[in-house]
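> Top to bottom, those sequences are chains E and A. Here numbering that gives the first Met the number 0 is used: the first residue of the first sequence is 0, the next is one more, and so on. Here numbering that gives the first Met the number 0 is used: the first residue of the second sequence is 0, the next is one more, and so on.
Certain hints may be false.
Unchecked claim - Lysine to aspartate or glutamate pairs mimicking EDC-like chemistry, simulated, CA-CA at most 20 Å apart: (1) A/Lys-174 / A/Asp-92; (2) E/Lys-36 / A/Asp-40; (3) A/Lys-14 / E/Asp-92; (4) E/Lys-53 / A/Glu-47; (5) E/Lys-103 / E/Glu-140; (6) E/Lys-36 / A/Glu-8; (7) A/Lys-29 / E/Glu-89.
Stated by the list, open to error - Partner residues are not named here, just some residues of chain A that face chain E (Cβ under 10 Å, in silico): (8) Asn-64; (9) His-72; (10) Arg-98; (11) Val-101; (12) Lys-134; (13) Val-138.
Unchecked claim - Simulated DEER-style distance windows between Cβ atoms: (14) E/Gly-120 / A/Gln-152: 57 to 63 Å; (15) A/Pro-7 / E/Lys-14: 53 to 59 Å; (16) E/Asp-76 / A/Val-149: 39 to 45 Å.
Hints listed in this document are in silico derivations from the structure and should not be mistaken for laboratory results. By construction, the Cβ of each residue, glycine as well, lies at the ideal position given by its N, Cα and C atoms.
Protein chains: 2
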Amino acid sequence: MAKSTVGPEIERLIKLLARLPGLGPRSARKAALSLIKRRDDLLIPLAEALAVAKDKISICPQCGNVDTSSPCHLCQDPSRDPSMIVVVEEVGDLWALERAGVIKGLYHVLGGHLSPLDGIGPEQLNIGSLIGRAKAPDVREVLLALNATVEGQSTMHYIRELLADCDVTVSEMQKGVPVGGELDYLDEGTLAAAIKSRRQI
Amino acid sequence: MAKSTVGPEIERLIKLLARLPGLGPRSARKAALSLIKRRDDLLIPLAEALAVAKDKISICPQCGNVDTSSPCHLCQDPSRDPSMIVVVEEVGDLWALERAGVIKGLYHVLGGHLSPLDGIGPEQLNIGSLIGRAKAPDVREVLLALNATVEGQSTMHYIRELLADCDVTVSEMQKGVPVGGELDYLDEGTLAAAIKSRRQI
């Protein structure tokens, strides 16, 4: 320990913080220092919040959302429309759609997208359980709300083929100019999609 | 809870993570999700590391460093040269100098810089204790290793005046072109300083 810059306890804290997305080695050091300096109003509450998360939060066996109740509060909500399943790649996408407040149906989190080079095939994603849910008699629509990336779109095509045997409408999100977007800053693909699916006003 | 996107426990975890430097609301959500998904190899170890930090890490009463021993291991190290005190603004600066391995002396962490508009005067910084340490008979040099910012430099001038009464050499770091720096990317102030303090080769 005498040889290292900081003690092993601080070193370990920095290393763990550096594994969070968005924090590199430098910002992890800053975060560790901030935690140590703000012991009572940040370090202790965060330690407690993590302990609570450890004990209480689990993954919903039905949709893959994370929540303190199982099934999650969305799957348990009787006001939700069970005839529509919205498929997303990650829980963060589910949260984004919930913040927008535009989904009345239920969700299904795949846990990522197909990426053969990274060893992520259909078996690594929650695709089998999605097909199972889509075959339920009360399900009428499956909205594939995957990212508009190459990986997201190829995952979407793969799932669409699997869903061909199910008696459901399969839909995707419209592509176009983002609200508030300036044409000059948009890529050619977005502009082409927005022109192609133009609508009469 | 039914109305919020995520449960109150996750919401609280995200809010606390967002208070870490370097994490905004969006990256805090990503970090929380990552913690929940990587329960065993990230969430639990981080919760434990924070608990250890809470119990064991304190601020060195002599120099202001953070460490698990008090005084810190640097102040206790007999191989360090007690005749030199290196004054830095924050513990992160101390860590940076220790990583460079260029300081043989002891440190003194001010806890920031003078910033009258933010209500940070000399009383809010560890300046009084620095003067006390500088008056000890075995101290011969005080190196003011403050940031080369307007605030750092004005804090340096303030401390230099206070140290005029002490029987110590007061020094500052040289200003110049950073190692590996390209002239085209440097600001005029750095270039002017590097030219002004040019040396014969």
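> Less than 10 Å between beta-carbons is the criterion; does A/Arg-98 satisfy it with respect to chain E?
6 Å, holds
> Holds or violated: E/Lys-36 with A/Glu-8, Cα cutoff 20 Å?
24 Å, violated
> Can the hint on A/Asn-64 be confirmed by a CB-to-CB distance to chain E that is less than 10 Å?
9 Å, holds
> Does the nearest C-beta of chain E fall within a distance shorter than 10 Å of the C-beta of A/Val-138?
23 Å, violated
> Given A/Lys-134 as an interface hint, is its Cβ closer than 10 Å to any Cβ of chain E?
Hint on A/Lys-134: violated, closest Cβ of chain E at ~28 Å, above 10 Å.
> Is the Cα-Cα distance between A/Lys-29 and E/Glu-89 20 Å or less?
Cα-Cα ~10 Å, so holds.
> For the restraint on A/Val-101, tell me whether the closest CB of chain E is nearer than 10 Å.
12 Å, violated
> Does A/Asp-92 lie within 20 Å of A/Lys-174 when you go C-alpha to C-alpha?
17 Å, holds
> Straight-line Cα separation of A/Lys-14 and E/Asp-92 no greater than 20 Å?
18 Å, holds
> Is the hinted pair E/Lys-103 and E/Glu-140 satisfied, with a Cα-Cα distance of at most 20 Å?
The hint holds at about 12 Å.
> Quickly compare the C-alpha distance for E/Lys-36 and A/Asp-40 to 20 Å and report which way the hint goes.
At roughly 26 Å apart (the allowed maximum being 20 Å), A/Asp-40 and E/Lys-36 break the hint.
> Honestly, do E/Gly-120 and A/Gln-152 meet the 57 to 63 Å range at C-beta?
59 Å, holds
When held up to the earlier numbered hints, the structure conflicts with 2, 6, 11, 12, 13, 15, 16 and fits the remainder.
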